[in-house]
Amino acid sequence: MGTLLIVLTYIAYVFIVAVYAIKVRKWLKLPVHIRWDLYPVIHEEQYRYGGSYYEKPEWWTQPRPKNTGRSLWHALKDNFYMGEYFKRNPLYWLFLLPWHLGFIFIILFHITCFFAATAMVGGVTIASDSPQLLGQIFYGILMAFAVIAFIGGTFGCIGMPVIKLADRGLRSYAMPMNYFNYFFFLIVYASGLYSWLALDPTLAEYRMYWVGLITLTPPDLNPATVFHIILFDIFLIYLPFTRSTHYITRLLAYFKIRWDDEPNFRGSMLEKQLNDLLAQKLSWDAPHILKGQSWVEAAISSGLPETKPETKKD
Amino acid sequence: MIRKTGIQDFTKPGGQVAELEPADWMKLPAPYDQMDKPLKKLTEDQRKRMDATLDGVVAIGILPPSMPEEEKAFVDRFLAGVEKLFDAKDNWTFLQPLYHSLEYCVKCQICSDACPAYVASGRQDIYRPTMRPELLRRIISTYVKKEHPLLRKFKASNIELNAQALIRLAELAYRCTLCRRCAQVCLLGCDNALISREIRKIFSQQMGIAPKEVHEKGSVQQIKVGSSTGMTPPALADILEFTEEEIAEKTGKKIKIPVDKKGSDILLLHNAGEFLAWPENLEAFAILFDAAGIDWTLSSELVGYDAVNYGVWYDDVQFARVALRHAQAAKNLGVKRISLGECGHAHKAMIVVADRVLTGELNIPRESALPLMEKIVMSGRIKLDPGRNNFPVTLHDPCNMVRLMGIVEPQRRILRKIAPQFREMTPHGVENYCCGGGSGFAIIQSNNFPDWRSSVSGRMKLKQTLDAFADAPSADVKKYVCAPCSNCKGQYRELFNTYGVWEKSGIFYGGLVELIVNAMADLKQPFIQWEWH
Numbered sequence: 000m001g002t003l004l005i006v007l008t009y010i011a012y013v014f015i016v017a018v019y020a021i022k023v024r025k026w027l028k029l030p031v032h033i034r035w036d037l038y039p040v041i042h043e044e045q046y047r048y049g050g051s052y053y054e055k056p057e058w059w060t061q062p063r064p065k066n067t068g069r070s071l072w073h074a075l076k077d078n079f080y081m082g083e084y085f086k087r088n089p090l091y092w093l094f095l096l097p098w099h100l101g102f103i104f105i106i107l108f109h110i111t112c113f114f115a116a117t118a119m120v121g122g123v124t125i126a127s128d129s130p131q132l133l134g135q136i137f138y139g140i141l142m143a144f145a146v147i148a149f150i151g152g153t154f155g156c157i158g159m160p161v162i163k164l165a166d167r168g169l170r171s172y173a174m175p176m177n178y179f180n181y182f183f184f185l186i187v188y189a190s191g192l193y194s195w196l197a198l199d200p201t202l203a204e205y206r207m208y209w210v211g212l213i214t215l216t217p218p219d220l221n222p223a224t225v226f227h228i229i230l231f232d233i234f235l236i237y238l239p240f241t242r243s244t245h246y247i248t249r250l251l252a253y254f255k256i257r258w259d260d261e262p263n264f265r266g267s268m269l270e271k272q273l274n275d276l277l278a279q280k281l282s283w284d285a286p287h288i289l290k291g292q293s294w295v296e297a298a299i300s301s302g303l304p305e306t307k308p309e310t311k312k313d
Numbered sequence: 000m001i002r003k004t005g006i007q008d009f010t011k012p013g014g015q016v017a018e019l020e021p022a023d024w025m026k027l028p029a030p031y032d033q034m035d036k037p038l039k040k041l042t043e044d045q046r047k048r049m050d051a052t053l054d055g056v057v058a059i060g061i062l063p064p065s066m067p068e069e070e071k072a073f074v075d076r077f078l079a080g081v082e083k084l085f086d087a088k089d090n091w092t093f094l095q096p097l098y099h100s101l102e103y104c105v106k107c108q109i110c111s112d113a114c115p116a117y118v119a120s121g122r123q124d125i126y127r128p129t130m131r132p133e134l135l136r137r138i139i140s141t142y143v144k145k146e147h148p149l150l151r152k153f154k155a156s157n158i159e160l161n162a163q164a165l166i167r168l169a170e171l172a173y174r175c176t177l178c179r180r181c182a183q184v185c186l187l188g189c190d191n192a193l194i195s196r197e198i199r200k201i202f203s204q205q206m207g208i209a210p211k212e213v214h215e216k217g218s219v220q221q222i223k224v225g226s227s228t229g230m231t232p233p234a235l236a237d238i239l240e241f242t243e244e245e246i247a248e249k250t251g252k253k254i255k256i257p258v259d260k261k262g263s264d265i266l267l268l269h270n271a272g273e274f275l276a277w278p279e280n281l282e283a284f285a286i287l288f289d290a291a292g293i294d295w296t297l298s299s300e301l302v303g304y305d306a307v308n309y310g311v312w313y314d315d316v317q318f319a320r321v322a323l324r325h326a327q328a329a330k331n332l333g334v335k336r337i338s339l340g341e342c343g344h345a346h347k348a349m350i351v352v353a354d355r356v357l358t359g360e361l362n363i364p365r366e367s368a369l370p371l372m373e374k375i376v377m378s379g380r381i382k383l384d385p386g387r388n389n390f391p392v393t394l395h396d397p398c399n400m401v402r403l404m405g406i407v408e409p410q411r412r413i414l415r416k417i418a419p420q421f422r423e424m425t426p427h428g429v430e431n432y433c434c435g436g437g438s439g440f441a442i443i444q445s446n447n448f449p450d451w452r453s454s455v456s457g458r459m460k461l462k463q464t465l466d467a468f469a470d471a472p473s474a475d476v477k478k479y480v481c482a483p484c485s486n487c488k489g490q491y492r493e494l495f496n497t498y499g500v501w502e503k504s505g506i507f508y509g510g511l512v513e514l515i516v517n518a519m520a521d522l523k524q525p526f527i528q529w530e531w532h
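Listed in order, the protein sequences are those of chains P and G. Position 40 of the first sequence, counting from 1, maps to 39 under numbering that gives the first Met the number 0, and the rest follow consecutively. Position 458 of the second sequence, counting from 1, maps to 457 under numbering that gives the first Met the number 0, and the rest follow consecutively.
Accuracy of the hints is not assured; some may be wrong.
[As the list claims (entries may be wrong)] For the chain P half of the interface with chain G, some residues (derived, Cβ under 10 Å), not all of them: (1) Trp26; (2) Leu29; (3) Glu54; (4) Pro56; (5) Glu83; (6) Tyr91; (7) Ala173; (8) Thr244; (9) Thr248; (10) Lys255; (11) Arg257; (12) Pro262; (13) Glu270; (14) Gln279; (15) Leu281; (16) Ala298.
[Claimed, not checked] What the simulated footprint calls covered on chain P by chain G, stretch by stretch (three residues with Cβ under 8 Å from a Cβ of chain G suffice, anywhere in the stretch; the number is not a length): (17) 39-47; (18) 174-186.
[What the hints assert, rightly or not] In silico contact screen, one side only, chain P against chain G (beta carbon under 10 Å); selected entries: (19) Thr60; (20) Leu95; (21) Arg167; (22) Leu251; (23) Ser282; (24) Val295.
In short, the hints are calculated from the structure, not lab data. These numbers were taken from a predicted model, which means no experiment stands behind them. Heads up, the beta-carbon is just placed ideally off N, CA and C, and yes, glycines get one too.
Construct the entire structure; sequences and hints are all you get.
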């Protein structure tokens, strides 16, 4: 059983990383698009009121300072706060935030377990009264992450279907998959919550499990903990089939679409890319577009009926 | 009483999906709260010629196919268009934002209350920003990806398509002003307004279907005769002559409007609507630039004298054609830069969107005229007397300039300097509400669409404007809405005419440059004449 658990865990992690990577790569491989920025653009100097470099006369002659760090912070903090929801639908936010915190912190918990187990292999004792400070820090972080994940996740999974059924707008767009997810994730979090509260108050079993994963030594765990770990592995395998990649793609959308205000200057790399895209052939069928023309040819032509070349008669 | 509408209602043949009743609409302040009338019903003949089963309103006017084989061909053609939407050659222009929005929207509905049309309609389900994307998403799942029926059931992504459902979808794409307020509140970076535009694109680029005012009488006419208004180069010459005479009459100044002046610093692009409907805007630019010693010119080249680019609302190819001709006109004149007059969509089209279409020598620097106006006003080059603008003024933020380009403060800094009674609307700046005439709505005049535009899409803006002047409701106090956009002015004119706002509340509308010129101390009489038009 212990060996199976190790194998399943490795498969689950490899799977989720690989599928997420494929999805992100697919997103990033899409061609450069027409600018479609939306203000405020957070890296801009005047981001507080939504101003852009277009507010300056002859803007192309002026410096365009960019604060990427601020943009990154702005985008990341919403993963943990979701301010727009709080502002616009506080009741929904009340359940939505813990539901998301459950996801984030259960994964952070396991990642931290890995590092804590690595430290244990190196001789550090992880406990509240550990002689090493590092052991005490790890212990505190692990407890905090697990508590937020198990309690937040459970609360969110109970509250989300309730709010979804109670709100007509949400209900009319809900799909069976949503309710399946709430149920399945509830079991994942609740099993973790039970095993922590009833059997393993210091979460020592998870650290043993991770030491086992690192040293390839099947650990001897309580069945309730094993049950939770199996569910968590399935959860990792299932996640890429949901819209969960939005934790990452929302950042890409912010940086590559909403805040993409990079101007196209003559002779730039961007211009080269655009020239390649504009040379591609069109296949739209409407009468004002001549099939087989490139974008450049189509733009030069007027598309008016009388200017279309006549079909050759044999 | 609003009937609850679901996705399934779109595919049901026959009856209307949603009924619009004045009693459901968002309330306006008195005395406008007693003025709403039901939207004009289409005649029997109109109903035979065009499908109005979405909401009883017609923007496009599509004749439903009568024979089963015609219907199949109609649906197949649309589906072929959906596939092209995901082709990197045919739609590199918007593929990435489209893919992201369709794939990652979680339908949380946070965008619904950000949409002025949805809220003003009394929260009609069909106007939720998520409705159009959801219909497209289901079409893709069922007919393009052909997902397994069980998976479709699990994801509630099944749809039984017919021509009427598609016609309703086409009409629905023209119930969104593309103001992108919905996108602004989305934490996942999804853009449901863009999906409205992409649906319009399938109908236009694949099926040749678009409102005639936008395509046939819009971008096609512009390319053919030079302007979407039908104004030809000789007509332009006549109008400019008249404008010079008007300037002389109003101000005593003899100003020659420069046309085709090679090597000028600036090519100024005006929306042709200004030449015909609001010549005072054109006059004010000429007076201001003359007084400030700006080296500028207009172009008389075909397309080069009309800044509009309707393609930005519905068709990438038409967009590229018009943008290319604008740039070519500038190149032929050898100007150093292009400056856009008071037209929001032309700003967005030429300065931002065209930035990734124009390359090489056609990539001529382009900017808004607003920062230039600010520079002139702040420089002290012309003497301004704010006392001449001592009446209540509020500012409308055109979505294209503000939320979509980040030009927020120059117009405000000008108003703070020259209009002592300037006050903001709520909300304003990048969170503004659309005038309700965006994305082509202001020019669509057929059937009963203007009724819908005034009663529903423009309702929030009317309320916001009235609220901004709540401290001076009397018609005796003349008030001014500064709307630095030709399209928005068109919508204001329509709104104010429909509700009699000028007569009842004394609210006038106009551009920004007119206010600046009105404050010019050396003019003998006020430039703004308060004559309703």
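Hints, one by one, checked against the model:
1. Trp26: 7 Å, holds
2. Leu29: 4 Å, holds
3. Glu54: 6 Å, holds
4. Pro56: 4 Å, holds
5. Glu83: At 5 Å from the nearest chain G Cβ, Glu83 of chain P passes the 10 Å test, so the hint holds.
6. Tyr91: Given a least distance of 7 Å, the restraint on Tyr91 of chain P holds.
7. Ala173: Holds - the Cβ of Ala173 of chain P comes within 10 Å of chain G, reaching about 8 Å at its closest.
8. Thr244: 7 Å, holds
9. Thr248: Because about 5 Å separates Thr248 of chain P from the closest Cβ in chain G, which is inside the 10 Å limit, the hint holds.
10. Lys255: Hint holds; Lys255 of chain P Cβ to chain G Cβ min 7 Å, cut 10 Å.
11. Arg257: 6 Å, holds
12. Pro262: Since chain G brings a Cβ to about 6 Å from Pro262 of chain P, closer than 10 Å, the hint holds.
13. Glu270: Nearest chain G Cβ about 5 Å off; hint holds.
14. Gln279: 4 Å, holds
15. Leu281: Result: holds, 6 Å to nearest chain G Cβ.
16. Ala298: 4 Å, holds
17. 39-47: Since three or more residues must qualify, the claim that chain G covers the segment 39-47 of chain P holds, with 4 doing so at under 8 Å.
18. 174-186: holds (count 4)
19. Thr60: 8 Å, holds
20. Leu95: This interface hint holds because 8 Å falls under the 10 Å limit.
21. Arg167: 7 Å, holds
22. Leu251: For Leu251 of chain P, the interface hint holds, since the closest Cβ of chain G sits about 8 Å away, which is under 10 Å.
23. Ser282: Nearest chain G Cβ about 6 Å off; hint holds.
24. Val295: Val295 of chain P check passes; min Cβ-Cβ to chain G is 9 Å, inside 10 Å.
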